[in-house]
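Take any residue in the sequence shown, note its place counting from 1, add 520, and you have its number in the working numbering.
Accuracy of the hints is not assured; some may be wrong.
Within a straight-line C-alpha distance of at most 27 angstroms, the following computed DSS-like cross-link-like pairs (lysine-lysine) qualify [said to hold, decoys possible]: (1) K565 <-> K630; (2) K573 <-> K635; (3) K589 <-> K630.
Cβ-Cβ distance ranges computed for the label pairs, FRET-style [to be verified]: (4) K630 <-> P597: 38 to 44 angstroms; (5) G556 <-> I598: 26 to 32 angstroms; (6) G633 <-> D574: 23 to 29 angstroms; (7) D574 <-> A604: 18 to 24 angstroms; (8) T632 <-> K565: 20 to 26 angstroms; (9) I598 <-> T555: 17 to 23 angstroms; (10) T555 <-> G607: 17 to 23 angstroms; (11) G633 <-> A572: 21 to 27 angstroms; (12) G570 <-> A604: 51 to 57 angstroms; (13) S523 <-> P569: 25 to 31 angstroms; (14) E614 <-> A554: 18 to 24 angstroms; (15) M602 <-> S567: 31 to 37 angstroms; (16) I598 <-> A571: 34 to 40 angstroms.
No lab work stands behind these hints: they were computed from the structure. Ideal Cβ positions, reconstructed from N, Cα and C, are used throughout, including at glycine.
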Amino acid sequence: MESQGAAYELPIPFLLDHDHTLAVGEVELAEVTATGIRFRARIKKISEPGAAKDLVDKAWSLLKAGLRKYVSIGFRPIEYEMMAEGGARFLSWEWLELSACAIPAQPDAKITGLKSVRGGRTVRLTEQECKVAALLTVHSRNAKEARQRRARLGIPEPVRVVKIGNIRRHKVVQL
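Sequences are here, hints too, so could you generate the full structure?
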């Protein structure tokens with residue numbers, strides 16, 4: 521699976537155990553790198569008693585207890601090649617969902633942190649700040665230079681959103 525071949529549009533459904541009837545939240549941010557995809561998912565907060573609240577409370581409890589400490593993706597292949605030793609290497613693929621699970625296909629896909637956002641605040645960048653960050657990302661040939669410029673300007677790292685057809689746009693959100 522080539523992480524840089526991911527085609528997706530945020531938000532992506534966040535599920536329990538690849539069960540589409542157990543949608544508990546959404547992937548809000550995703551950063552594609554050569555070595556993998558860093559993400560931030562948010563479990564929905566539901567205050568009204570009922571099945572939906574029970575489901576998201578169960579998901580949060582499973583994550584906090586370490587009973588779901590890995591993630592796994594649901595995807596649709598776009599381009600792939602068969603490997604000599606068997607199996608397929610997915611060069612490009614459509615990312616459909618992310619699931620918290622007990623046994624992942626990729627053992628390195630571990631959840632590295634949980635955070636309750638009680639009392640937290642959300643800061644959204646202005647349209648102008650988003651344009652500046654996108655330009656710095658698109659026009660800089662040197663990634664280190666781009667990171668340093670963004671740091672000087674107080675602009676967080678952008679998240680690349682790639683749609684099918686290789687259309688690219690940039691979203692910058694700091695939470």
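Comparing the hints with the structure gives:
Proposed proximity of K565 and K630 is supported: the alpha carbons are some 23 angstroms apart, at most 27 angstroms. For the suggested pair K573 and K635, the alpha carbons sit about 18 angstroms apart, so the restraint of at most 27 angstroms is met. Between K589 and K630 the alpha-carbon distance is near 6 angstroms, which keeps this suggested pair within the 27 angstroms criterion. Take K630 and P597: their Cβ atoms lie about 24 angstroms apart, and the range 38 to 44 angstroms is violated.
Remark: the range hint 26 to 32 angstroms for G556 to I598 is contradicted by a beta-carbon distance near 19 angstroms. As the Cβ distance of G633 to D574 is approximately 25 angstroms, the hint placing it in 23 to 29 angstroms holds. Range check, D574 to A604: Cβ separation about 48 angstroms, and the 18 to 24 angstroms hint is violated. Checked against the given bound of 20 to 26 angstroms, the beta carbons of T632 and K565, roughly 22 angstroms apart, stay inside it.
The given range of 17 to 23 angstroms is respected by I598 and T555, whose C-beta atoms sit roughly 21 angstroms from each other. Checked against the given bound of 17 to 23 angstroms, the beta carbons of T555 and G607, roughly 20 angstroms apart, stay inside it. The beta-carbon spacing between G633 and A572, approximately 25 angstroms, falls within the hinted interval of 21 to 27 angstroms. Distance hint check: the CB atoms of G570 and A604 are about 53 angstroms apart, consistent with the given range 51 to 57 angstroms.
Between S523 and P569 the beta carbons are some 40 angstroms apart, a value that contradicts the proposed interval 25 to 31 angstroms. The beta-carbon spacing between E614 and A554, approximately 20 angstroms, falls within the hinted interval of 18 to 24 angstroms. Taking the beta carbon of each, M602 and S567 are about 50 angstroms apart, not inside 31 to 37 angstroms as hinted. I598 and A571 have their C-beta atoms about 35 angstroms apart, which keeps the hinted 34 to 40 angstroms range intact.
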